[in-house]
Amino acid sequence: MPKIKLPVKTPHIDMTPMVDLFALLLTFFMLTTSFRPQEATVIDSPNSISEKVAPEKNVITILVGKDNKVYLNFDNGLDTSVSIREEVLKKVAEQFNLKFTDKELKTFSTNSSFGMPANRLKAWLNTEDSKEREKFQTGIPIDSTDNQLNLWVRFIRIQNPNAVVAIKGDAEADFKVVKHVMDILQDNQVNKFNLVTNLMKEEAKPEE
Amino acid sequence: MAEIIQEEAKQKGGKKKAKKFSTRIDMTPMVDLMCLLITFFMLTTAFSKPKAMDIAMPEKKDDPTEKAPEISADRTINILITGNDQLYYYFGVADPNKPLPQLIKTDYSKDGIRKILLQRNKTVFKAVYDLREKVKTGELVMADSTLENKTKELKKSDKSAPIVLIKADDKAKYKNLVDIIDEMAITTIANYAIVDISPIEIQMLNGTAPATPAAPVTQ
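Heads up: the protein sequence lines correspond to chains D and E, in order. Its first residue numbered 3, the first sequence is counted upward by one per residue in my numbering. Its first residue numbered 15, the second sequence is counted upward by one per residue in my numbering.
Worth flagging that the hints you see were computed from the coordinates, not collected in a lab. Incorrect hints may appear among the rest.
Here are the simulated EDC-like pairs of lysine to aspartate or glutamate, each with C-alpha atoms no more than 20 Å apart in a straight line [unchecked claim]:
(1) D:203 with E:147
(2) E:185 with D:174
(3) E:140 with D:204
(4) D:181 with E:184
(5) D:71 with D:134
Using the sequences and the hints given, assemble the complete structure.
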């Protein structure tokens, strides 16, 4: 008896519900996403009960890494007609007798956090490869002999006096370094600042 | 529309049926793409927005003749932060010319420094706590900003509330500082300051200060 040949049917799965679900998820993620800005280093903030959202616009952020390196980030401010980053870089360049081309200024104004001595900025701005660029992030000098952070903060403050200052320190960073950064800020008449933290609920109850 | 087609069909003899095309679309590439996009968005999403705590430091004065504001010693709690997550506190003032206050060891836990701070700040904390509870249960209705202002008022109202001086030595970590400032927020202490540590306090921490009880007493 010959074998009965079963008609080969391609198994067809109805993918519509799956697509529906995916579309839903996709929409959700697209709407809730706020892109994490690329930062010079990974910072693991300490926890606090503060529920105040960290400022996002018009802010000078000083990052203190785990290895006590100091990085700086500042934005172009609320006024979109001027590029504060470019202006500040020009002023800092003057101090160190450096010249930046228009292209370098443009690159700088679109970048975010950086941390290197001023004389290496040029090389950093001209490096395309992101891996190579990371190698330049050696921290801004903050010693009293070569206090470049002070210079940066001063020029940013001149350009944008209303900027909010935030310190984003790694939990494992040394207090000494953070204190030094605070002192530099205070030398520039910044007496109020934000410490960036992660939310962790905790509550105390009065004793009965 | 549908009627017109029907009429046309009738004209051509009525037996000929319009050829049925399968409306099934192969969705696999679409699903692939969506999968990819979802993964991308899931990985790049930062769900928890960073929070921030405000800190106001006293203005630096260059004038050395100006004296620091007098604070009554019996209201003062000094918190000394040092390396290895160690924490000490003492009441009053450490004056090298007087017998030194006793340094007491504590920790960052709930029963550590928080208990002491709560004890000292009992009245204010109770008032703030009651107010918050009332708002929570709906007994009192007020906007968040009003609640904040009321809390601030309450914090400042008590003239015997403790004044906390936070001092950290070079071995302390940034996390320790944030933890202590956070403790101030939890225990609703209004008056606190980050102060430079004095040489005598470093000596006290090291246990080398003269005329102190030999070593810090463990609680």
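Please write out, lowest number first, the hints stated earlier that are contradicted by the structure. Failing hints: none at all.
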